[in-house]
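With the hints as constraints, model all of the structure from the sequences given.
Each chain, written out:
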Amino acid sequence: GENVEQHPSTLSVQEGDSAVIKCTYSDSASNYFPWYKQELGKRPQLIIDIRSNVGEKKDQRIAVTLNKTAKHFSLHITETQPEDSAVYFCAAIWTGNQFYFGTGTSLTVIP
Amino acid sequence: DTEVTQTPKHLVMGMTNKKSLKCEQHMGHRAMYWYKQKAKKPPELMFVYSYEKLSINESVPSRFSPECPNSSLLNLHLHALQPEDSALYLCASSQDGTGIYFGEGSWLTVV
Chain A
1 GENVEQHPST
11 LSVQEGDSAV
21 IKCTYSDSAS
31 NYFPWYKQEL
41 GKRPQLIIDI
51 RSNVGEKKDQ
61 RIAVTLNKTA
71 KHFSLHITET
81 QPEDSAVYFC
91 AAIWTGNQFY
101 FGTGTSLTVI
111 P
Chain B
1 DTEVTQTPKH
11 LVMGMTNKKS
21 LKCEQHMGHR
31 AMYWYKQKAK
41 KPPELMFVYS
51 YEKLSINESV
61 PSRFSPECPN
71 SSLLNLHLHA
81 LQPEDSALYL
91 CASSQDGTGI
101 YFGEGSWLTV
111 V
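Line by line, the protein sequences are chains A and B.
Letter by letter, the first sequence follows residues 1 to 111 of our numbering.
Letter by letter, the second sequence follows residues 1 to 111 of our numbering.
Calculated from the structure, these hints are not laboratory results.
Take the hints with a grain of salt, since some may be wrong.
Counterexamples of contact, computed for chain A against chain B with all Cβ distances above 10 Å [stated by the list, open to error]: (1) P8; (2) S12; (3) A19; (4) D27; (5) S28; (6) N53; (7) V54; (8) K57; (9) K58; (10) P82; (11) E83; (12) V109.
Result set (EDC-like, lysine to aspartate or glutamate): computed pairs, CA atoms no more than 16 Å apart in a straight line [stated by the list, open to error]: (13) A:K37 to B:E104; (14) B:K41 to A:E39; (15) A:K42 to B:E104; (16) B:K36 to B:D85; (17) B:K53 to B:E67; (18) A:K42 to B:E3; (19) B:K36 to B:E104; (20) B:K38 to A:E39; (21) A:K68 to A:D49; (22) B:K18 to B:E67; (23) B:K41 to A:E5; (24) B:K40 to A:E39; (25) B:K38 to B:E104; (26) A:K37 to A:E83.
Owing to the predicted nature of the structure, the values given are computational and were not obtained by experimental measurement.
Glycine residues also receive a C-beta, built at the ideal position from the N, C-alpha and C atoms.
Structure representation (C-alpha cells):
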C-alpha cells in the first residue's frame with residue numbers, strides 16, 4: 001500500500017496543554033486528508049478533514065493544517081481534556097478510493 | 001446519521017469452518033471497504049469495492065473472499081482461516097473522495 005508516516009507514536013500531555021500530531025505522505029496522494037480518533041475497543045471515528053485547496057481548518061478545539069509543498073499535515077488539539085485520550089490516525093487517499101492510514105499516535109492526557 | 005452496520009459483533013470459528021461477515025450501509029455511498037485491524041495497529045486495507053465492482057485487492061489470501069451483492073451490502077466470506085487471522089474486521093463506506101465511515105467491527109477469533 002501507499003505510505004503515510006505519523007509521529008509521534010505516543011504522546012503524553014498535561015490537561016489543558018496542546019497536542020500536535022504530524023503526518024507525511026508519499027507522492028501522488030490525492031487531495032483529501034482526514035483524521036480519525038479511536039477509543040479502546042471502538043471503531044475509528046472521523047473527527048476532522050481537510051482538502052488540498054485549504055491550508056487550515058478548525059472545529060472548536062481541534063484544527064488541521066496542510067502543507068502540500070512539504071507533503072505533510074498536522075492535527076492540533078488545544079486545551080486538552082482527559083476524554084481526548086485515544087489513538088489518533090491520519091489518513092490519505094489515493095486513486096481508486098484507496099484510503100491508507102498512518103501508524104497511529106496514542107495520546108494520553110494526564111489530569 | 002452516518003451508519004454502517006456489521007454483523008456479527010463477535011465470531012469464534014475453527015480453522016476448518018466457513019463463516020461470513022456482513023455489512024450494510026444506507027448512506028448511498030458508492031465505495032465500500034474491508035479493513036483488518038490488529039491490536040495497537042492501524043486499520044489495514046484489504047478490499048475496495050467501487051460501484052459494486054472490486055477495484056482493489058491488497059494481495060489478500062484467498063481464504064478471504066469478498067462479495068458485494070448490491071450497493072448497500074458487502075460480505076466477507078471466511079474459509080480455512082489461521083489463528084493469525086484473528087483480528088477486528090472493519091467494514092467502511094465512503095462517497096467518492098471523502099472520508100470513510102466505519103462500522104463497529106466484527107471481532108474474529110480463530111481457534
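Status of the hints after comparison with the structure:
1. P8: Non-interface label on P8 of chain A holds, nearest chain B Cβ at 15 Å vs cutoff 10 Å.
2. S12: 16 Å, holds
3. A19: Since the minimum Cβ distance to chain B is about 18 Å, A19 of chain A lies beyond 10 Å and the statement holds.
4. D27: 18 Å, holds
5. S28: Given that every Cβ of chain B is farther than 10 Å from that of S28 of chain A, nearest at about 14 Å, it holds.
6. N53: 13 Å, holds
7. V54: 14 Å, holds
8. K57: 13 Å, holds
9. K58: 17 Å, holds
10. P82: Non-interface label on P82 of chain A holds, nearest chain B Cβ at 20 Å vs cutoff 10 Å.
11. E83: 19 Å, holds
12. V109: Its Cβ never comes within 10 Å of chain B, the nearest being 19 Å, so this holds.
13. A:K37 to B:E104: Measuring from Cα to Cα gives roughly 13 Å; hence the hint holds.
14. B:K41 to A:E39: The given pair, whose Cα atoms are some 13 Å apart, holds under the 16 Å limit.
15. A:K42 to B:E104: Distance of about 7 Å is within 16 Å: holds.
16. B:K36 to B:D85: Given pair K36 of chain B, D85 of chain B holds - Cα atoms ~9 Å apart, limit 16 Å.
17. B:K53 to B:E67: Between K53 of chain B and E67 of chain B the Cα gap is close to 9 Å, so the pair holds against 16 Å.
18. A:K42 to B:E3: 14 Å, holds
19. B:K36 to B:E104: 12 Å, holds
20. B:K38 to A:E39: Holds. K38 of chain B to E39 of chain A sits at ~14 Å (cutoff 16 Å).
21. A:K68 to A:D49: With a Cα-Cα distance of about 14 Å, the restraint between K68 of chain A and D49 of chain A holds, given a limit of 16 Å.
22. B:K18 to B:E67: 15 Å, holds
23. B:K41 to A:E5: 13 Å, holds
24. B:K40 to A:E39: Roughly 11 Å between the alpha carbons, so the hint for K40 of chain B and E39 of chain A holds.
25. B:K38 to B:E104: 15 Å, holds
26. A:K37 to A:E83: 11 Å, holds
Every hint from the earlier list agrees with this structure, and none is contradicted.
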